[in-house]
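Sequence lines, in order, name chains C and W. First residue of the first sequence? That's 1 in this note's numbering, and the numbers climb one at a time after it. First residue of the second sequence? That's 1 in this note's numbering, and the numbers climb one at a time after it.
Rather than coming from a laboratory, the hints here were simulated on the basis of the structure. Some hints here could point you the wrong way.
[Stated by the list, open to error] Computed list of chain W residues with no C-beta within reach of chain C, every gap over 10 Å: (1) T56; (2) L143; (3) D156; (4) T158; (5) I178; (6) E236; (7) L294; (8) I306.
[Said to hold, decoys possible] Straight line, CA to CA, 25 Å or less: simulated SDA-like cross-link-like pairs of lysine to any residue: (9) K33/W with L231/C; (10) K33/W with S212/C; (11) K189/C with K33/W.
Backbone N, C-alpha and C fix where the C-beta goes; we use that ideal spot for every residue, glycine too.
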Amino acid sequence: MFVAVVFVATSFNFFLPRFTGQDPIATRLELLAAEGDTIRAEDYKALIETYNAKFGLDRPLVFQYLTYLSAAVRFDFGNSITKYPTRVSELVNQAMPWSIGLLVTSTLLAFLVGTLGGAVLAWQHGPKAAFELILPPFFLLAAVPYYLLGLILIWLLAFQAKLLPLGGGYAPTTLPDWSDFGFLFEVFKHSLLPALSIVLASIGFWALGMRSMMITMQGEDYMLQAEAKGLTKMRTFFRYAVRNAVLPQTTALALTLPHVVSGAILVERIFGYPGIGRVLYEAITGFDYFVIQGVVYIIVLAIAFAMLVIDVVYPLLDPRISYSSA
Amino acid sequence: MATNATTEPLASRGSTDASDALNRVGGLWRYMKRNPSIIAGSVMLGIIVLFWAFGTLMTSPKDAKDLAFAPPNKRPSLQNPHPCYSSENPRELCFAYDDIERPHLLGTDRLGKDILASFSQGIPQTVMIGLIAGSVGTVVGTLLAFGAGYYGGVLDATIRFIVDTLQTIPGILILIIITIAWRDVGGGEMTFIQLSLIIAMLAWLGPTRVIRSQVLVMKQRSYVEMARLSGMSGPEVILKEMVPNLMPFIVANFVLAVSSAILASIGLEALGLGDFSSNTLGMMIYHNIWYGSLVNGWWWWWSPPIIVIVILFIGLFMLSRGMDEWANPRLRRRF
């Protein structure tokens, strides 16, 4: 599956622009070379030459495709058009840690809070009343895209209350220095709002899923047995009900990952967060095809990899599943 | 009733008497009371329709044109670079058309558009994108789902593999690549109808997956097997036995498909890949971000589109949830 997904993504990158009957990349490059306004015309000529040499536009399509595939495997997407001498891989490498940091923390946080909240909400013996008041608004928030919530949060917390910065990855006046504690705090402060908008908008989704799973679980015979054995409420809750209900939740985590990433791209755009989403946005507005292709490829690769990790970890959660032949 | 039967004997066969219809409406109403999601969702969508109707009555489509179409004295020029800031009304950033004096109830935006007028154009455009992409997605998805679920075999394996693989890739990335290629071939111009067709290219994935699993379950039902044993052909079984029974489920999926198509369109538009001549909700969000209306404190510009989009999404979400319950009453126990 992993290989198939990555393969399909690369093929899309290659074929979709060509479905239009012409090569928009070549057209755009020639146009830019003719204009030669932002970057010297020679640079564009050099770009076209490397582009032609690398992908051999005069050779048959199959051959072009194969060279493209081999370049993709080596993460070689050529140079950025708008920031000419910069390599695409360089841009992606700079942005990746920001995005991964933001996404992994906020997704895991939303998953944990939402799952636990949904579990308690469905539990007959728990402190239901409080959760019944708190959680339903989150169910509704789950229908709202992350970035719209982000806009509202910017206005409330950054513009009106002036508690948090408006956007960016760190204050423009500070120099990035990863060993400085003050700078790290600065980064944390800047990531709080984008993370909050992702967390708040996705808690409801996890809570809803967990709640319905828990209600199904409570009808199972082993729940009755646990109760009959006189186990403590805490133990039945965590070891019997949550333990089983969390399995489909984990599968759902793998399945919704693409959605989360789609939303996060726009969140980064709203907050001007220096992650992969902003690189993508800047590439779109600047007609920077090589960067777009590189970013799309990397994101798909990252998602496929994350799914693989969840797949590998799954037997640890569910002892009934094992990948060994025994 | 008796006179009815004597004058029109055939009508009684259809059992469409007034009392019967009343009974049915009453039954529907009693059901709705048990399923408040449908009511809440419909009310929310109704609010948007009312808002649209209000906007259409109060404004003219001309008010939603931007400064580029303004009369020469209002257009930005070297002598008058920012005609927008000369306005005395604090909620009017700039306005292109003043030939008929009309109050701007929601103010005007940085592009010189009356905000209420933009909505009266933009709401139908956004809904149109959702309906086109949603219908294409649901129809194609249903066809593929029945093909895969009913006939099985290689067809099923192929369709399932394609759907599984494509669903792993964030849809917006594929859409971005397609949109960019199309936009540039079209000379940088793209209508919102074209945008909806692009979105439709991926809109069938969700319906295919979900409806297929229902088809698989329904295939095992005794009445379907009965129909098959009695010599009905495959398409006949599907059309006469399965589709009518799955209809509520397909309709619930259609609402969901419309909602995700609108979500995708707003996402693409917010990234700058929309129809710049349209006033869709996504383009309003795009212009708001572009001109930094949040940090400039132009709340009357950015808050209405957000509120409308939030009501639209929550309304569609409630409606699809309620319909899901209607299509699959066993869910009622769970939620």
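Minimum Cβ distance from I306/W to chain C greater than 10 Å, as the annotation requires: violated (5 Å)
25 Å Cα cutoff - pair K33/W, S212/C: holds (22 Å)
Given hint K33/W paired with K189/C - CA-CA distance at most 25 Å: This hinted pair is violated, its Cα atoms lying about 47 Å apart.
Non-interface claim for L143/W, where every Cβ of chain C lies beyond 10 Å: Given that every Cβ of chain C is farther than 10 Å from that of L143/W, nearest at about 22 Å, it holds.
Exclusion check [I178/W not at the chain C interface, CB over 10 Å]: violated (6 Å)
Assertion that T158/W lies outside the chain C interface [Cβ separation over 10 Å]: holds (13 Å)
Status of E236/W, Cβ more than 10 Å from any chain C Cβ: Non-interface label stands for E236/W: nearest chain C Cβ at 35 Å, farther than 10 Å.
Restraint check for K33/W with L231/C, where alpha carbons must lie at most 25 Å apart: violated (40 Å)
T56/W non-interfacial with respect to chain C [C-beta, more than 10 Å]: At about 25 Å from chain C, T56/W clears the 10 Å cut-off, so the statement holds.
Given as non-interface: L294/W, partner chain C, CB spacing beyond 10 Å: The assertion about L294/W is violated, with a minimum of 6 Å to chain C.
10 Å cut-off, C-beta based - D156/W kept clear of every residue in chain C: D156/W clear of chain C: closest Cβ-Cβ about 17 Å, beyond 10 Å.
In this structure, the earlier hints numbered 5, 7, 8, 9 and 11 are contradicted, and the remaining ones agree with it.
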